[in-house]
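Novice: Line by line, the protein sequences are chains A and B.
The numbering of the first sequence is this note's numbering, which starts it at 1 and goes up by one.
The numbering of the second sequence is this note's numbering, which starts it at 1 and goes up by one.
Treat the hints loosely; a few may be bogus.
[Unchecked claim] Mimicking BS3-like on lysine-lysine, the simulated pairs with C-alpha atoms at most 27 Å apart in a straight line are:
| # | chain 1 | residue 1 | chain 2 | residue 2 |
| --- | --- | --- | --- | --- |
| 1 | A | K77 | A | K134 |
| 2 | B | K614 | B | K438 |
| 3 | B | K552 | A | K133 |
| 4 | A | K133 | B | K614 |
| 5 | A | K45 | B | K663 |
| 6 | A | K133 | B | K544 |
Source of the hints: derived by calculation from the structure; they are not laboratory data.
This structure is a prediction, so every number in the text was calculated from the model and none was measured.
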Amino acid sequence: MQMGFYFDQTRCTGCFTCTVACKDWHDIPPGPASWRRVQTIERDKYPTPFVAFLATSCYHCAQPACMSACPVNAISKRGQDGIVVVDRELCLGRDHCQLCSEACPYDAPQFGAEENGRMQMCNLCMERWPEGKKPVCVAGCPTRALDAGPINEIRAKYGEVQEAVGFAYGENLVLSVIFKPKLEVQPGKKKSIEGI
Amino acid sequence: MPTAKAGQSMDEVKIVPTGGCYDCGGRCLHKVHVRDGVAIRVETDDAEEPQLRSCARGRAYRQQVYSPDRLRFPLKRTGPRGSGQFERVSWEEALDTVASELLRIKETYGPKSILVVTLSGSAGSLHTGPMTVCWLLSSFGGYTPFWGDASAEGAIFAARATYGTLTNGNTRDDLVNSRLILLWGVNPATSIFSTNTRYYLLKAREAGARVVVIDPRYSDTAATFADRWIPAKPGTDTAVMAAMAYVMITENLHDQRFLDKYTLGFEKFKDYVMGIEDGVAKTPTWAEAKSGVPADTIVWLARQYATNKPAALIPGYAPGRTAYGEQYHRMAAVLASMTGNVGIHGGGAACFERPLVGPMVPPPFSKLFEGGTYEARLKQLDVPRRLRSRPHAMCLWDCILKGTVGGYPIDLKMAYIAFANPLNQFPNINKGVEALKKLEFIVVHEQFMTATARFADIVLPVTTVWERNDFSRPWTGGSYFLYMNKVIEPLLDVRSDRDICRDLASRLGIQDPFWDLPEEDAVRWVTESMEDVMPEVVDYERFKRDGVYKIKRPGPVIAFEKQIEDPDNNPFPTLSGKIEIYSQLVADLNNPEIPPIPKHLDPWEGAEDPLSQKYPLQLLTHHHKTRAHSCFDNNLLLNDLEPQSLWISTQDAQSRGIRNGDKVRVFNDRGETIIQAKVTERIIPGVVSLGEGAWYQPDKKGRDRAGSPNVLTRDHYSPAGAFPFNTSLVQVGKYVSDTSSLD
């Protein structure tokens, strides 16, 4: 069984609640490591700008690029749920290696500011599922833009779209994520709500 | 910061429900995990929907509580005032000093020379200005407060004049009933005003509602929820609305039946709009010249609001925080009547927005804000009369500096400040610095070394909401109560605001059984004094255990539903019993700057002010997404997510040679700030914006380096009391660093 995320980009207001809720829950100190991150994408021109937000964490790929890249096999995929996890004891540390980070197109591998910080990343809040709880980002999002669960259930509920503004699909990785993308208006074309 | 251990079983952990943070229109639930007396992590509401989910600021509250720069012990000033040089002193010495200064100043100058500044810095009903410092100093013999509600004085004036009550809002779950929602100068994605406004907006859109956002900026709300964004210059919303009225009248789209049945004074308003009164027809072309909104857009907006029923015009308070901002709030209410949207599901009375359920001000006090005789109502609207005994908050610094010689009611000698950061948050910081230097004594309750605390003679470190018990009710749109359970013991050597006042009371010779009540009993006493709470909650012990009580309602609560359904038996609480488009009370104020019908008045420091030759850009002070006013600016989990910047249009940046990320100077005659520029398509040209609440950081040349907008704002109030934070003119230039070490 493979777990994954759902992200409804049309609901995301770029508020960073997910970023902060995650750091608080997992006790990540203030600093450069964020297991969940929010990008702001701003396009087009005044008076019809286009803005979208993209919240990403780790897509727990079926074929993770980070796992292949790691020279010491510190990264593995759990058999029972496909969650990609890192063993920080085995990790060589930021000062010696960053191959996972270079391999991942989505910035999932993160490093803290401490000396030779060991790699850390989203673990789909694996310790919460046995308590009947979803990840803190999902449970915390004020616009309920996130969901998580077995990816086949996510697909059944939300569809099959794997596109979003600011996101590029990585062919070989087989990502465990479904999106509801924000539709982009063609540049120069005014949005109109005449004749409601 | 205290840590949670990975793999630690949840069994040894106690979960304490509490809620609320700082100065915020949300009141969210926090379930704090505590192990060995230490808060280790937070969850939010996970009961049935609608859940009271906390935002990024609330999720960073643990970082606030355990922040390395939390003030840990009382401080006494050693260097010049404002230098930030302090030494640690004992609580005994600190409190003895405060008490002896209170006594000395009262003895020498009288108690009115003591200024009290308390605002809404902390969530709660017991740990508030009125129940702590104000209560204490009332027993002491009195003090001078300031006058005015910074958030919404214009809306308060408009609500009283138009409806005779502040209870004009529908609960936010009513939005799902709207066909059209106009979010006018309101940004629920960022500024939480009712925890679930965003959620109900989403539900409304799913149900087919269309949303229009009117705002000088393409806010995150516009980006997420709007089908159309209409940029308008600050201080011109009233003109746009007047022109909308013109369109409705000329195209006969207004609801004359509604106006005849429920309102008073529409004919006089019509004469104004059509140009019969003053010879100037308030056409869309007229409004375009003032606002920057194209005439055909105004026509479109008027038709949309008039013909899509029901429609909710939600007027944010920001456009009312301008010169003559009270007129905007009056005008919005008139449009709601012209379109027949008052008192119906999916509509809205478009004024102060407080619904009947869960109002911030509990029933015993609400009665003070409603009804009454002609004289009583007139007194409430009469700003000069209100200012006979205390200064308007916008002019606090001027009052300190000029005193009775300058026409103010009092010569202030001392300031007692709690739950507030006035140096940072009131206008004209440079004048504030001079004023604070002039006072003989300043005491500040604080958690952190804010700009205001830096000017204190004594700083008293206080608890956060996790370190004490309290009760809270949300400001608007919420139908629940929170029991803010104490989560941990007070850290280090901090005390609660209440305990400080209790300890001062004994030093001041005040015997008051209120101070003897243990904290939890005092919370219960406050809760029981609100006559609507206990009949609803019933089981107080269960309420404490749960931390929240949600009122079950069959559906949305609609303001003025009865007044519309059965007007004969349910008049509006005005003197006439009608919605007063024309207000005789306002006419009797006899002030041409406060006309009895809503009107557009050209603002000072607006685009048409001759000062714009020198300072051509209007300054907006939007709410920043990782702060709640000045709270959280020092929070390390938050403050790098969206760094402070000056929002400036591509057009205005290019003509100044400014690129995105460049450091710029923003300045006028009142001060200067240096900050990085965000060159963006998301703001109307001619307007720049600085997120308010950034902590003022003067350099050695007296220039602010934090992008704190109040070095630029004008200390002046609108005639009916509104706080014009969004009415200032500035210039912006590229910052060229001189190579001296002062930079």
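Novice: Is the straight-line distance between the alpha-carbon of B:K552 and that of A:K133 27 Å or less?
Specialist: holds (26 Å)
Novice: Given the proposed pairing of A:K133 with B:K614, does the C-alpha separation stay at or below 27 Å?
Specialist: Between A:K133 and B:K614 the Cα gap is close to 59 Å, so the pair fails against 27 Å, i.e. violated.
Novice: Take the C-alpha atoms of B:K614 and B:K438, compute the straight-line distance between them, and say whether it is at most 27 Å.
Specialist: The given pair, whose Cα atoms are some 31 Å apart, is violated under the 27 Å limit.
Novice: Would the hint linking A:K77 and A:K134 be met if the CA-CA limit is 27 Å?
Specialist: holds (19 Å)
Novice: So if I understand the rule, the pair passes when the alpha-carbon distance is 27 Å or less; does A:K45 with B:K663 pass?
Specialist: holds (23 Å)
Novice: Starting from A:K133, check that the Cα of B:K544 is at most 27 Å away, please.
Specialist: holds (24 Å)
In summary, the numbered hints that this structure violates are 2, 4.
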